[in-house]
Every structure is written in structure tokens, then in C-alpha cells.
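> The chain contents come next:
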Amino acid sequence: MKRRSILSLTAAAIALIAVAFTLQPVAAPAAAQKTNTKVERGAYLVKIMGCNDCHTPWKMGPEGPEPDMTRMLSGHPQDMAMTPVTLEKGPWGWVGAATNTAFSGAWGVSFTANLTPDSETGLGKWTDETFVRAIRTGRHEGQGRPILPPMPYPMYRNATDDDLRAVFAFLQSIPAIRNKVPQPIDPPETE
Amino acid sequence: MRRVALIALLVAPYLLWAVCVMDGAGTHGKTVVAPPRLSETGLYDSSGAIDPRNFPFIPQYPLWSDGAEKVRWVRLPAGAKIDVSDINAWRFPAGTKFWKQFSWGGRKVETRMIWKVAEDHWVFATYVWTEDQTDAVLAPETGIAKVVDIGRGKKHSIPSKEDCLACHQSSPAVVLGFNALQLSDDRDPLAPHAELLSENAVTLRSLIKSELLSPLRSDLAIYPPRIRERDPIARAALGYLSANCGGCHNDRVPLDRLGLVLLHDSGGASNAPEPAHATAVNASGRYAMPGIPEDSSRIVAPGAPERSALLYRMRSRRPSSQMPPLGTAIADDEAAELVKKWIENLKAK
Numbered sequence: 001m002k003r004r005s006i007l008s009l010t011a012a013a014i015a016l017i018a019v020a021f022t023l024q025p026v027a028a029p030a031a032a033q034k035t036n037t038k039v040e041r042g043a044y045l046v047k048i049m050g051c052n053d054c055h056t057p058w059k060m061g062p063e064g065p066e067p068d069m070t071r072m073l074s075g076h077p078q079d080m081a082m083t084p085v086t087l088e089k090g091p092w093g094w095v096g097a098a099t100n101t102a103f104s105g106a107w108g109v110s111f112t113a114n115l116t117p118d119s120e121t122g123l124g125k126w127t128d129e130t131f132v133r134a135i136r137t138g139r140h141e142g143q144g145r146p147i148l149p150p151m152p153y154p155m156y157r158n159a160t161d162d163d164l165r166a167v168f169a170f171l172q173s174i175p176a177i178r179n180k181v182p183q184p185i186d187p188p189e190t191e
Numbered sequence: 001m002r003r004v005a006l007i008a009l010l011v012a013p014y015l016l017w018a019v020c021v022m023d024g025a026g027t028h029g030k031t032v033v034a035p036p037r038l039s040e041t042g043l044y045d046s047s048g049a050i051d052p053r054n055f056p057f058i059p060q061y062p063l064w065s066d067g068a069e070k071v072r073w074v075r076l077p078a079g080a081k082i083d084v085s086d087i088n089a090w091r092f093p094a095g096t097k098f099w100k101q102f103s104w105g106g107r108k109v110e111t112r113m114i115w116k117v118a119e120d121h122w123v124f125a126t127y128v129w130t131e132d133q134t135d136a137v138l139a140p141e142t143g144i145a146k147v148v149d150i151g152r153g154k155k156h157s158i159p160s161k162e163d164c165l166a167c168h169q170s171s172p173a174v175v176l177g178f179n180a181l182q183l184s185d186d187r188d189p190l191a192p193h194a195e196l197l198s199e200n201a202v203t204l205r206s207l208i209k210s211e212l213l214s215p216l217r218s219d220l221a222i223y224p225p226r227i228r229e230r231d232p233i234a235r236a237a238l239g240y241l242s243a244n245c246g247g248c249h250n251d252r253v254p255l256d257r258l259g260l261v262l263l264h265d266s267g268g269a270s271n272a273p274e275p276a277h278a279t280a281v282n283a284s285g286r287y288a289m290p291g292i293p294e295d296s297s298r299i300v301a302p303g304a305p306e307r308s309a310l311l312y313r314m315r316s317r318r319p320s321s322q323m324p325p326l327g328t329a330i331a332d333d334e335a336a337e338l339v340k341k342w343i344e345n346l347k348a349k
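So the protein lines, in turn, are chains A and B.
Residues in the first sequence are numbered consecutively from 1, following the working numbering.
Residues in the second sequence are numbered consecutively from 1, following the working numbering.
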């Protein structure tokens, strides 16, 4: 009798756990809470993925170079003209600007994008789908020119859709900064 | 009590399994994969000839593929019709398959397949031909870089799945070369790289005659779609742009925000301007042409090919400026010359 009771209780417990799992979506947080969680998750990911390293211009601070957070994630400053650098043959492969927002190498000159939600110069008119496709394909807007080095999209493309959408949600929540980043400069013709 | 326990024990694993399956279905959906070999896709019959259920078709404005010789086939499921209620976004019945074979110098290099396995579920695959040309093998989703010399020091690459989707998922219709304009019986004699229409090739009229369209749209057999330009040069230029650029540059998703619509609208009024003419001519684009003042660059500057970013980017095969941005390594000189003439002619108007 005692054994039967233990068996019954165990079975009932397993069934209850199963039912609880099944009903889990019903107990999910409200939409607003979800959005906050998504933005917070995005903020966390942006921090650990190093987005500010290149998309926020660096300046010289009291203790050395530091990201200028008044221009957070606004990309290469539009008024800072850069010209291609020709490197001597040797172990050096590419060079970066002091702002860490422009890079010259075999691919030409690349400039980091304005990731703020400015509608004309940033990602204001993008959708999260466009953002995910851009990272997945390594193409500007998910279908245009190649995204250039040193943007580490080959690593970021392995992120989950949820994580990429969270990053986009955070980027859409930060202050918009108008800054028209220059077009990339192609490398010299080799033919 | 024992019975309750037994039922609970029997039900519990099922409930747990059900949770797992629901999660799996939510993230992965139904999985249908392309066969490993082209010979298993249904393109050929048992004798190795093209299966008689597959019909060739020849778009009047072929997509530029670096001079490849191309052959295309379609198979519609028996008894099924194409839903053309949106004339610019044909919806194909589940089971429809398209193939396109690419050759250079008489050697088959790859054959691509688009297969609609279920409503809103397409399989994209490309098969690379073996050295002995007897069959083709499914390529990896990442594509294969530089498989064959195609002249001018360039090589052809097998596209990745992502590259396929970049165009095929950006258009109102998933299939880009099989639509009202491309199959129109009013074919453009000046279309660049036009191919001779074979006797058994599918056309709009043959689809109507076979009652394969729903609604039937028999009016399109009498008034076949065409680019709405009187000048033959303009007609051919805008037809080319529609076929080669309109897959991405259209008024739907996701580049509609650019305001540049190069896709022909087969449902437009006969006196409506071509979208390409209306949105490209004299328009300031986001792309600034190098070497000229930024404010003088236009997408199409009437009478001024040297200030027309569209032509500059057509001619470019540099990574940051070339258009189309993928699927081609050699500029289409013949089409660029045609578009240049169109731009020059705009001056007089």
C-alpha cells in the first residue's frame, strides 16, 4: 500500500511538472516587460560584443584613449576625411584611425556605420529583419555591398535570431545622432 | 488509485515529448531537403533526357550572368494553376519546380533549382556538374568560390544560399524570371542578350491557352504586357533594369525606403509612367559618385551619363560600388551601352 502511494505520488508529480512545462507560455511576462528585457539583453550584448570599440569614436581621455560616449555608436565622424594608406611590403596588413572608426587595408578604406536610430544617416528606417539579414549575409542591408573588415560578422552571424533582435532593439532605443558616414573607398585596381 | 498512477505515468512522458516537439516546430519548422544529386530532382527522365513534364521557358530580358549560356525549365504539378490575382506576384502551387542550367564554353557548370515544397516554403539548391558531365552534385549552402574561368581574368563562383535569398526574398515574387513581362508574347527585339524563343517554350499566351492561370487573364493574350516607353531604346533599357535590378529595387520590402523602383509594374495603366523612369530620372540617390561634386550626382542625370550613378555602378565591378552587388564578376558592356544611350536620349526630352 505504501509502495503504491509512493508510485502514485511520483507519477502525479511527473504529470504536474509536464503540465507546468506545457503551460509555461501562458505564464510568460507581459509584452512591455518582454520589450524591456529584450532591450536590456541587447544592451548587455552590445557591451560584451565590443560594438563601442569601433562604432563609437575614440578620443584621448585623462587616462588614455576612451570611447566618446557623447557620440555613442554613431560611427565614423562625417567631417573626418581619410585617404587610403599605402603600406610597405612587410608584416603590417592594415591600419586604423585614432578614432578606431576607419580602417585601411587590402579591402580599401572602410568606415564604421552609424548604428543610432537616426532616420537619414543611421538605422532609423531599418527593421529588425533587415538587421538580422545584414549580420547573417555579411551584406549591407542584407543584400547590398559586402560588409567590410574588420567588422566581425562571420562570428556574429552565429548568434541566435533572438540575440540579434535584442541587439537591434537596444540600438533603436539609444539617442539618434545625425552623422553621415562616408562611403567605403575601393582599393586600387590591380588589373 | 493504481489506475490513476498508471495513466499519469503513461501521460507524463507524452506531455514532456509534446512540449519538446512544439518547441522544435517553433524554431525549425518543417524540414525538406534538396536531393543530393541533380538526377534525383525530377529534371530528367529514366533515359537521361529532360522529363517531358518539364517545359523550357525563355525570359525576354535575361538576367546577366557573366555571359553564361543558360537553359531553364519549369514543372507545374498536374492539374494545378498559378495564382496570378496579383499580376506582379505570381503564386505557384506547392510542388512547382524551376531549374536553370549555367554553361560556359559549352561545358555545364551548375544547375540551380527552386522548389516550392509547401505554401510559403521554398527550397533553394544548386548542383555543381561533375568533370565527366554526367550528373551534378548538391553544393554546400555556403557556396563554392571561383569554380571556373569565365574570361577577363575572372572566375565564376557558386552562390551561397544567403546570396540566393538576397534577391529571391526581396521581390514581390520568389521566382524572378517567370512573370507576365518576362513571358509576354510582345517580345522586345532590342533586349540585351535576347535568346531565340523555341517552339515548345512556355509563354504567357501558352499558359492562358492551357488554362494554367487563375484568374485566366485572357486579356493578356490580346494586350501582352510591355515596358511603357515609346522610344525602343528606352523600352529595352528599362526592361533590362527591371529584370536585372528590380528584384531588389522595388516598392515592396525591404528597399522600398530608398524610393528607387526599377521593377516594371504589369498592372499599371497603359499611360502610367514606368516606375524606373519616375523614380530614377533626376533623382538624388544616397550613393555619391567619386570624382564629381556630390550635389551634381543623380541616379540618372538626363543627358549626362557621366553624372549618372546607376550607369557608374552598372559598369563597376569594385566591391563597394558594383551593381548588382552579387551574382556577377564581369560588367555587362552591351547593357551599359544601351543604358548610356537611353540616358543621352533623355536630354532631348
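The set of hints was computed from the structure by calculation and includes no laboratory data.
Built from N, CA and C at the ideal position, the CB exists for glycine as well.
Any given hint might turn out to be false.
In silico DSS-like cross-links for lysine-lysine, where the CA-CA straight-line distance does not exceed 27 angstroms [what the hints assert, rightly or not]:
hint	chain 1	residue 1	chain 2	residue 2
1	A	Lys125	B	Lys100
2	B	Lys81	B	Lys70
3	B	Lys146	B	Lys81
4	A	Lys180	A	Lys125
5	B	Lys154	A	Lys89
6	B	Lys70	B	Lys146
Stretches of chain B that chain A covers, calculated by requiring three or more beta carbons in the stretch to come under 8 angstroms of a beta carbon on chain A [claimed, not checked]:
hint	segment
7	166 to 175
8	254 to 265
9	318 to 328
> Give a verdict on every hint.
Hint check:
With a C-alpha separation of about 35 angstroms, the suggested pair Lys125 of chain A and Lys100 of chain B falls outside the 27 angstroms cut-off, and the hint is violated. Using a Cα cut-off of 27 angstroms, the hinted pair Lys81 of chain B and Lys70 of chain B holds, with the two alpha carbons roughly 26 angstroms apart. Straight-line distance between C-alpha atoms of Lys146 of chain B and Lys81 of chain B comes to about 39 angstroms, which puts the hinted pair past the 27 angstroms bound. Note on Lys180 of chain A and Lys125 of chain A: the hinted pairing holds, with a Cα-Cα distance of about 14 angstroms set against a maximum of 27 angstroms.
Using a Cα cut-off of 27 angstroms, the hinted pair Lys154 of chain B and Lys89 of chain A holds, with the two alpha carbons roughly 25 angstroms apart. Restraint check for Lys70 of chain B and Lys146 of chain B: satisfied, since their Cα atoms lie roughly 19 angstroms apart, inside the 27 angstroms limit. Proximity of the segment 166 to 175 of chain B to chain A, defined as three or more residues with a beta carbon under 8 angstroms from a beta carbon of that chain, is established by the 3 residues found. Note: the segment 254 to 265 of chain B has 3 residues with beta-carbon separation from chain A under 8 angstroms; the three-residue rule is met and the coverage holds.
Given as covered by chain A, the segment 318 to 328 of chain B passes the check, having 7 residues with a CB less than 8 angstroms from a CB of that chain where 3 are the minimum.
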